[in-house]
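Q: Chains as they are written, first to last, in this note's numbering: chain A, 1 to 765; chain B, 1 to 157.
Hint data in this document are derived by calculation from the structure and do not stem from the laboratory.
Derived list of chain B stretches under chain A, where covered just means 3 residues or more per stretch with a C-beta under 8 Å from a C-beta of chain A:
| # | segment |
| --- | --- |
| 1 | 18 to 30 |
| 2 | 37 to 43 |
| 3 | 50 to 61 |
Okay, derived cross-link-like pairs now, BS3-like style, lysine-lysine, Cα gap no bigger than 30 Å in a straight line:
| # | chain 1 | residue 1 | chain 2 | residue 2 |
| --- | --- | --- | --- | --- |
| 4 | B | Lys101 | B | Lys89 |
| 5 | A | Lys473 | A | Lys488 |
| 6 | A | Lys244 | A | Lys263 |
| 7 | A | Lys488 | A | Lys468 |
| 8 | A | Lys389 | A | Lys549 |
| 9 | A | Lys195 | B | Lys93 |
| 10 | B | Lys148 | B | Lys93 |
| 11 | A | Lys486 | A | Lys470 |
| 12 | A | Lys549 | A | Lys683 |
| 13 | B | Lys101 | A | Lys195 |
| 14 | B | Lys150 | A | Lys749 |
| 15 | A | Lys208 | B | Lys93 |
| 16 | A | Lys470 | A | Lys389 |
| 17 | B | Lys101 | A | Lys208 |
| 18 | B | Lys101 | A | Lys749 |
| 19 | B | Lys63 | A | Lys195 |
| 20 | A | Lys580 | A | Lys549 |
| 21 | A | Lys679 | A | Lys263 |
| 22 | A | Lys468 | A | Lys481 |
| 23 | A | Lys645 | A | Lys303 |
| 24 | B | Lys89 | A | Lys195 |
| 25 | A | Lys683 | A | Lys556 |
| 26 | B | Lys93 | A | Lys154 |
| 27 | A | Lys303 | A | Lys244 |
| 28 | A | Lys749 | B | Lys63 |
| 29 | A | Lys266 | A | Lys236 |
| 30 | A | Lys486 | A | Lys453 |
| 31 | A | Lys468 | A | Lys389 |
| 32 | A | Lys451 | A | Lys486 |
| 33 | A | Lys451 | A | Lys389 |
Beta carbons: idealized from backbone N, C-alpha and C, even for Gly.
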Amino acid sequence: MPSLTIDGKLIQFKEDGRTILDIAREEGIYIPTLCDHPDLPPHGGCRMCLVEVEGMRGFVTACTTPAKDNMMVDTTNDNLMRLKRSILQLLLIEHPSACVVCDEWNNCIVYRSQPFKSGLITGCTTCPSKASCELRDVIEYVGLDDLGFLPRHKEMPVERDDPFFDRDYNICILCARCVRVCDEIRGTGAISFAKRGHETRVDTAFGKSHLDSGCWFCGACIDVCPTGALSPRMMKWHGTPDEKVETTCMLCGTGCQIEFDVKWDKIMASNPGSENSEPNRGHTCVLGRFCIPSLMNAPDRLKNPTIRRDGVSVPVSWDEAYERAAEILSETAPRRVGFVGGPHHTTEAAYLLQKLARGAIGTSNVDFRGSSFASLVIRTLANTDGFTKVGTLRNLEKADWIIAVGGDFVKTHQVVAKSCYQAVAGGAPLILIGEAGVNLKRWATEYVSIKAKDVSTILSQLAEGEEKLKGVKKRHAEHIKSIVSKGKGAIVFGSGILLANNPGEAMASLLKLIGDKGRIYPTFDYGNEVGAMMAGLQSDLLPGLTSVKASSVRGKFEALWGKKIKAGLSLEQMRMAASKGELDVLYVTDGSLPAKGFKKVKHVIYQSPFPSAWTDRASVILPAAGFAEDSGTVVNMEMKQLKLKQVTPPLRNSKQDWLILSELGRKLGAEGFKYKSPKKVAKELREFTKELSSGAIVETKSVRKAADWNPMYRGAILSERIRDLKTFIDALPERERPLSTESMDDFVKRLSEQEGADTQVKEVA
Amino acid sequence: MQDLSRADLAEQVIPSLQEIQERLGYIPREAITWLADKLHLSEQEIYGVASFYNNFRFTPPGKHHLRICLGTACHVQGGDRLLAATSEKLGIKPGETTPDKRYSLERVACVGCCALAPAVVLDDEVFGRTTQRSLKRLLDTVDRKDRKAKKSGEDSQ
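In isolation and in its complexed conformation, chain A is listed as follows:
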């Protein structure tokens, strides 16, 4: 086995391209670095990791030098340290370097980790950095205590015009981490180094705003910044949090692991979870990174149970509210009661909601808002035994080719986009079918620009291996077919395929096209659509994706719950029934459900964390906890069960969904609603979901929906609550332009005509 010596310590290692820095870190030998980051390829920019290797000329950077057999490495000799001090001094010329010689340095160290920012105590106005500053750590390690050179403040104004984060490039040390993560990891390239020499700065093209430069505000640049140059605007003033808790984000179907900063029992900030947490591995999107605290701490959250007395909503105790809800539910004929859940419940809550309907009331009128896409995907997969074909994001990064269809997931699922870009950067060709945003077009090897309704035609032609592809030139069609004919493929598809002429056919074709080796990646728009399907929150499906028509399974449930089970009304059918006056009570747990068509319903029971159009008409309001206050499980787009951990206690008087539903079930006098924790519910549900293909042969519904991206959570439209998000979403249509196909000659001609006669245009032979 090859071996090398670092600082006199003999280390055996495998020669596999790992660098001296990697080996040193594994052995616990500290080599200071500034530009290095575990997520990013080596850069060799900051020169802080310089080491001396016997036999090699000069000093080499440990982060870019592969370890070789018999190397003698020295990391700390006097020459090196002197050199590093000088380099740091040069670097500090442009950093508000008073920090190094500041009288408050010791105070600052003490107060940095306190509840309040050290700046408030020391009067420092130059640095918004949190408890740790990597630059400071390095300064302390190399023992720098004087500046050496006259500082030169760059005097750039702090940039605060863009949503979500502030940028103070005066304290930027040009380590290029943000530029590299934006370009090489996320594939966006919204920022870059501009100019050179001492004028170098991180900038956009011609200094335009980040909104115009194509930034997605995913926050990856903030997460890698070693200084305080980039900081999240709304999350930088709370100091050190009391605790950090990792849980699952429910704002879309990716199921990212998010780490919340908790202080005074409130969520202060959300950061990406650890880089080892699947599926996102240290990355998030604009929603997960910036929007959750504003959502969970919203001042208008529902806090008390209320009932309507003489047309006025009155706060009451939970017991009274349950009493009234039970009264309404039990005095109505079961077939005239409807239950509409949402895609943001935990699987346990979804299971209890349909159990309440079927077991306690005796109706199968259950559905959830936004179920069309999940319904199509999950039913098709159940019918074809296709669950093993669903891939993980880690798999996606290793795909040999990728087809993207049915939506711009760069916008809606930024973490999926990151994995997709990793594959593209590694050389996997991307075929883009249908409308999509600018990033996807840029990454695409082949772009089939067709209307959303023709998507199913193209997919089936591809799956059947037909000679021609509709509307695609022969050369490109052949190229596309040669790409998809070999290797492990990946098809990333979104709810946009519902707009196709025949969504069912599109879904079947893409399963056929992907074959046995490839994987599919359905990008669900909401938190737990899959879980809601599996829990049986559908009028014609029992828990475990079994059709209500399957009598053997139905018999089991009927025996268990003591009620007859028949197929009920789906959401659209309930709407129809309601408009004809055939539905009297509606139990709504998702405020985002459009109220249209439900005017004639006599009583609405509304259970949600947020007020909505339903609050004004609800007879009973049951305030529910948000997802950060709830525990249980969710199933993400990878079909993986993820844990939801309770981060903060439920706000004021609100309660978790599972608790409300089981207490209400008991109030109704039904058997089997005595749960002590969501774990018990999960255990019960697991009995039914062991096998997920018990023949749910059900007609797939074709429902069209607008493909606009409008993130919401149980009645809360995020962009209406978070001004920065609205600014961002409003700016998005600007960047949806087709890539230019003009040739150089045409472009030059057009431009010189624009400029008029006084500009000379030289002809090139």
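Based on these hints, arrange chain B on the given structure of chain A.
A: Structure of chain B alone, referenced to chain A:
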């Protein structure tokens, strides 16, 4: 450019920028957007490259392009004073164009005529051993020629 791989496309950045500058005289803002679309890169990546190299300019050149050398030899021979004086006379900083679009001024590092320091390049013609006075005369001559050409142009119409 459609059939090239991503890496091949990225290699096209500098040659394409050069061609644009050669044909239009400068790199207009629109060209960055257009080139980004063509090469499947972001505008920032193109701008980063273009702003790094001194050779690429983002403002249209004037009718006459004046380059003053500040290479070692020219610097020693007073090139910087020459630049400062010219800058004052034309009322523009290096890299800019006069409002009447007649002159653009640029500082360059060595034009390869060190023996003739300080050197000035006007419209691709090199003038050696320039002084403030000889440069002023040179510019006056150009002005006179232009006026004459304009007049004869008007006469012939």
